Amino acid sequence: MKSLPATFFARNTVQVAQDLLGKVIEVNSMKARIVETEAYGRDPASHAFKKTPRSSLMFDTSGHVYVYLIYGMYECLNFTTEKVGEPGAVLIRAVEPLQGMERMKKKRKTDDVDNLCSGPGKLCQALGITRKLNGTKVGIGVNVYDDGYKVAKIMSSSRIGIKDAQDLPWRFFIEGNRFVSRAS
DNA sequence: CCAACGATGGTCT
DNA sequence: GACCATCGTTGGC
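Those letters in the first sequence? Residues 1 to 184, by the numbering used here.
To be clear, the hints were calculated from the coordinates, so they are not data collected in a lab.
Wrong hints could be hidden among the right ones.
Listed next, the in silico SDA-like pairs over lysine to any residue satisfying Cα-Cα at most 25 Å (straight line) [unchecked claim]:
id : residue 1 : residue 2
1  : Lys150    : Ser181
2  : Lys2      : Ala165
3  : Lys107    : Lys83
4  : Lys105    : Met73
5  : Lys150    : Asp114
6  : Lys51     : Thr7
7  : Lys163    : Tyr71
8  : Lys163    : His47
9  : Lys163    : Ser56
10 : Lys137    : Phe59
11 : Lys51     : Met73
12 : Lys163    : Lys150
13 : Lys150    : Glu75
14 : Lys132    : Tyr145
15 : Lys107    : Asn28
16 : Lys137    : Ser56
17 : Lys106    : Leu133
18 : Lys50     : Tyr145
19 : Lys51     : Gly135
20 : Lys83     : Ala6
21 : Lys137    : Asn12
22 : Lys83     : Asp114
23 : Lys106    : Tyr68
24 : Lys51     : Gly100
25 : Lys163    : Glu75
26 : Lys50     : Gly85
27 : Lys137    : Ser184
28 : Lys132    : Glu102
29 : Lys2      : Tyr145
Please read these numbers as outputs of a predicted model, since none were measured by experiment.
Please take these sequences and the hints and turn them into a complete structure.
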């Protein structure tokens, strides 16, 4: 399994979001396959629509981990994209558990495998991802690998949980995968 | 089954 | 003080 190079992330955000599907992430020695992502550029639904203290990572880094708190109780995992100076990030919305499933079940307080990582807040709970990782480079606390897995078909839809920019089909997921947060 | 809602705290105006 | 890139529960059918 080879780690993704920094150049993988320093590209068009929508392209990176699609290319991350099927890749393996490793955190706290647990492993999972990415099955659902969303692209966030400088659009009205994105934190990077305006540069603020929180969103500055999206402008100033590429290939770094961006973790933020949402609704006061959950965290969301992103990877920053584009070349430095250009804002962008990919939200990881769902992953398929591969290794360390027993620890994921404990952290999520459920034995239902389909409910471990099928949402952005859920997967952070399962893998123990917190804001402590915010701003770290990919390859330190969070690793991303290409294990050669080929995605058969990529589906897209509008992004979930936002009201602005519903016309942009920037949510991507692996067709038919049972671990995505929703089927369509 | 599924739509509605409350929990909960950081971020921004 | 309003708003959230969410989730689990509740209460109606």
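- Within 25 Å, alpha carbon to alpha carbon, are Lys51 and Thr7? Distance of about 23 Å is within 25 Å: holds.
- Proposed proximity, Asn12 with Lys137 (alpha carbon, max 25 Å): 19 Å, holds
- Take a quick look at whether Lys83 and Ala6 sit within 25 Å of each other, Cα to Cα. 10 Å, holds
- Query: Is it true that the CA of Lys137 sits at most 25 Å from the CA of Phe59?
  - Reply: 14 Å, holds
- Task: Could you grab the alpha-carbon distance between Lys163 and Tyr71 and see if it respects the 25 Å cut-off?
- Result: 16 Å, holds
- Message: Checking one constraint from the list: CA of Lys150 to CA of Glu75, max 25 Å. Satisfied?
- Response: Roughly 29 Å between the alpha carbons, so the hint for Lys150 and Glu75 is violated.
- Does Gly85 lie within 25 Å of Lys50 when you go C-alpha to C-alpha? This hinted pair holds, its Cα atoms lying about 13 Å apart.
- Query: Going straight from one Cα to the other, do Lys106 and Leu133 come out at no more than 25 Å?
  - Reply: The given pair, whose Cα atoms are some 21 Å apart, holds under the 25 Å limit.
- Message: Please verify whether Lys107 and Asn28 have alpha carbons no more than 25 Å apart.
- Response: Distance of about 12 Å is within 25 Å: holds.
- Message: For Lys163 and His47, compute the direct alpha-carbon distance and say whether it is at most 25 Å.
- Response: 13 Å, holds
- Restraint check for Lys163 with Ser56, where alpha carbons must lie at most 25 Å apart: 22 Å, holds
- Restraint status (C-alpha distance of Lys83 to Asp114 at most 25 Å): 36 Å, violated
Of the numbered hints stated above, those contradicted by the structure are hints 2, 3, 12, 13, 18, 22, 24, 27, listed in ascending order.
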